[in-house]
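Asks: Spelled out from the first residue to the last, the chains are:
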Amino acid sequence: MTQFLMFLVNGIAIGCGFALVGSGLVAVYRITGVVNFAQGMFAVVAALSATSFVALGIWHGVAELMAVLVGGFAGLATGVVAVGRRGTQPLTALLVTLAVGFLAYAIEVLVWGDQPRSLPGLDGRAALLGVPVQRQYLLVIAVTAVVFVLLWLFFARTYLGKALTACASNPYAARVVGIDVTRMAFIAFALGGVLGGVAGVLVAPLRPISFDSDVSLIVGGFAAAIFGGLTRPMMALAGGVLLGITEVMIRAYGDASYGTVGALVFLIAIMIWQSARRPTLHKEAV
Amino acid sequence: MSNVPETAVDSGPGGPHGESVIEVADLVVRYGAATALQGVSFSVGPGEAVALVGPNGAGKSTLVNALSGIVRPASGTIRIRGRLAHVPEGRQLFGELSVEDNLLIGAWGRSDRDPAPVYAVLPELRGLARRKAAALSGGQQQMVAIGRALMARPDVIAVDELSLGLAPKVVTGLAAHLRALNAERGTAVLLIEQNARLAFDLCSRAYVLEAGRMVVSGACEELARSNEVARAYLGGGTGEEP
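Chains A and B supply the protein sequences, listed in that same order. Here the first sequence stands for residues 65 to 350, numbered as in my numbering. Here the second sequence stands for residues 5 to 246, numbered as in my numbering.
It is worth saying that the hints were derived from the structure and are not from the lab. Glycine included, every Cβ here is placed at the ideal spot set by N, Cα and C. The reader is advised that the hints may include incorrect statements.
Pulled from the structure, derived: some chain B residues nowhere near chain A, Cβ distances all over 10 Å [to be verified]: (1) N60; (2) G110; (3) D116; (4) A120; (5) Y123; (6) V125; (7) G131; (8) L132; (9) G169; (10) A179; (11) L185; (12) E225; (13) N231.
DEER-style ranges, computed between Cβ atoms [said to hold, decoys possible]: (14) F68/A <-> I74/B: 52 to 60 Å; (15) V32/B <-> G125/A: 58 to 66 Å; (16) I336/A <-> A139/B: 25 to 33 Å; (17) P121/B <-> T222/A: 19 to 27 Å; (18) G121/A <-> A120/B: 49 to 57 Å; (19) A139/B <-> G121/A: 54 to 62 Å; (20) I74/B <-> A206/A: 41 to 49 Å; (21) A220/A <-> G43/B: 34 to 42 Å; (22) A206/A <-> E188/B: 55 to 63 Å.
Construct all of the structure, not just a fragment, from the sequences and the given hints.
Replies: The structure is reproduced here in C-alpha cells:
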C-alpha cells in the first residue's frame, strides 16, 4: 500500500507537468484558435535557462523565476511571429509555431549544446501520510495547485481575464467593443510561455532536459489539453494528472517500456467514451 | 429599386443640425475582387435618429463594420465626432460571461465602468446581471447588446438589425427603449434595418442602400409615401409618385 501511494504521488507530480504544458496550449487555443506546437519548447527554454542562471550563481528561486520569464518572452515572441499579421488563419499560425519549434532547436543547441542538462531541485524526502515522497514531487504538486488557482482567479475575477474570455467567446464582438484581439493573442501566447516555463523549471530536477525534450512534454501536454477539449484548463489538469498516474502505474506494475503508450491509449479510450456520451454541439459561426 | 439613381428626397425637419456625429463620403469597401460598398455618402446629425434600410446583401452591415473600424475601406472618408458604439447583427454576446460582465467589457478602454447608468435606461438588465448571456432569450440578449454598447457612453449608437429573429412585441419594447434613449438623452441613433416599417417609425430620416450604393435618402415620412420604397420595403405601393 505504501508503495502504491508513493507511485500515486509520483504519477500526480508527473501529470502536473503535463497539465501545466497542456494549460498553456489551452490558454493559446481558447483565445486564438491556434494549436501551438511550440508549447513544449517554452518548457525546454525555461529549463535550460534555469540551469544557466544557477550556473551563474543566481539564487535558486530567483533563477527559476527568471527562467519562467524567459519562457513567457519565448511565448510572446512566438505569438508575434505566428499571429502578429492581421488575418492570419489558425492553420497557418499552427504551421508557423511548428517552424518556430524547429528554429528553437538550432538556437538551443547553439546556446546550450546537445547534451541533456540537469537542474538541482529540492533534496530529500518528506513523509506524506506516512509515505516517503521526494520533496521535489511535492513542490511540483503544490506549485501546480497554486498556478491553477491563480489561473482560475485570473480568468474569473480580473478584467483582463474576462476580456481574454470574451475574445475566446466571440472575437468579432470583442473587436466591436474595441478590444485589440491581436494584442490579446500576444498576451495569450505570453501566458502560454509562462505556463510552459513553470512546467520546465519544475520538471527539470526530475529528469534531464535537452533541446528535444519538448516532444515528450508536448505529447503529454497535448493529451491533457485534448482531454479538456482544448478549452478548459481545469479539465486539462484532470487529464494531465490521469495521464501521469496511468503512466507511472503501468511502469510500476506492468512493462516499463509501455508506460507512455499505455497511458495515451487509456486517455484516448476515455475521450472516445466521453464524446460518445456528449451530444454534438455546433458552434455558431461568427 | 437597384436602378434608381441616388436621390435626395428631402432632409425634412428632422434633418442634420450642427456638426454631424457621423459623416461618410464616397466610401468604397472591397472584399477581394468583390465591391461591397461603392461611393456611399451619408451623415447623422447630433441627437438624430437615422435609418439605413436595404435588402439582404446590400452592404448595410459592411457599412456599420467600416464605421466601427472592423472593416478597412478601400477609399473614401469616415468622420465620427464623439464616440460610436455598435450593436452588431445577431447580438454577438460573450455567451460564457454573465450579463454584467458583458456590460463591463462594453466599457473596454474606459476607466468609468459603472453599469448603473445602463441599468437606469434598461432596468430589466439589473435582474439578469448574474445570468450567463448564452442562457437568455433573444429579446433579452438584444437588450444586453444595447446595454453593452451604452457602456461606452456613446454619442451615437449604431444598431444593426434590431428586429432580427425577435417577436413583434419584443421589438416594440426594444424600440421604445431606443426612442427614449434618443429623445431623453440625446444619443444619436443609426438604425440598420430590413424592417423598413420599424425603421421609418423610429427615425426621422432614412437612407436606402442597395447593391452597395445609396439609392434614395430623405425624411422617413416622404420615403414612406414613395411608391417605389413602399413597394420594395413596406409591402405595397401608395399610389403616389416619389
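Asks: Indicate, hint by hint, whether the structure satisfies it.
Replies: Comparing the hints with the structure gives:
| no. | hint | result |
| --- | --- | --- |
| 1 | N60 | holds (16 Å) |
| 2 | G110 | violated (5 Å) |
| 3 | D116 | holds (13 Å) |
| 4 | A120 | holds (17 Å) |
| 5 | Y123 | holds (18 Å) |
| 6 | V125 | holds (18 Å) |
| 7 | G131 | holds (21 Å) |
| 8 | L132 | holds (17 Å) |
| 9 | G169 | holds (12 Å) |
| 10 | A179 | holds (21 Å) |
| 11 | L185 | holds (18 Å) |
| 12 | E225 | holds (32 Å) |
| 13 | N231 | holds (37 Å) |
| 14 | F68/A <-> I74/B: 52 to 60 Å | holds (57 Å) |
| 15 | V32/B <-> G125/A: 58 to 66 Å | holds (59 Å) |
| 16 | I336/A <-> A139/B: 25 to 33 Å | holds (30 Å) |
| 17 | P121/B <-> T222/A: 19 to 27 Å | holds (23 Å) |
| 18 | G121/A <-> A120/B: 49 to 57 Å | holds (56 Å) |
| 19 | A139/B <-> G121/A: 54 to 62 Å | holds (56 Å) |
| 20 | I74/B <-> A206/A: 41 to 49 Å | holds (45 Å) |
| 21 | A220/A <-> G43/B: 34 to 42 Å | violated (48 Å) |
| 22 | A206/A <-> E188/B: 55 to 63 Å | holds (57 Å) |
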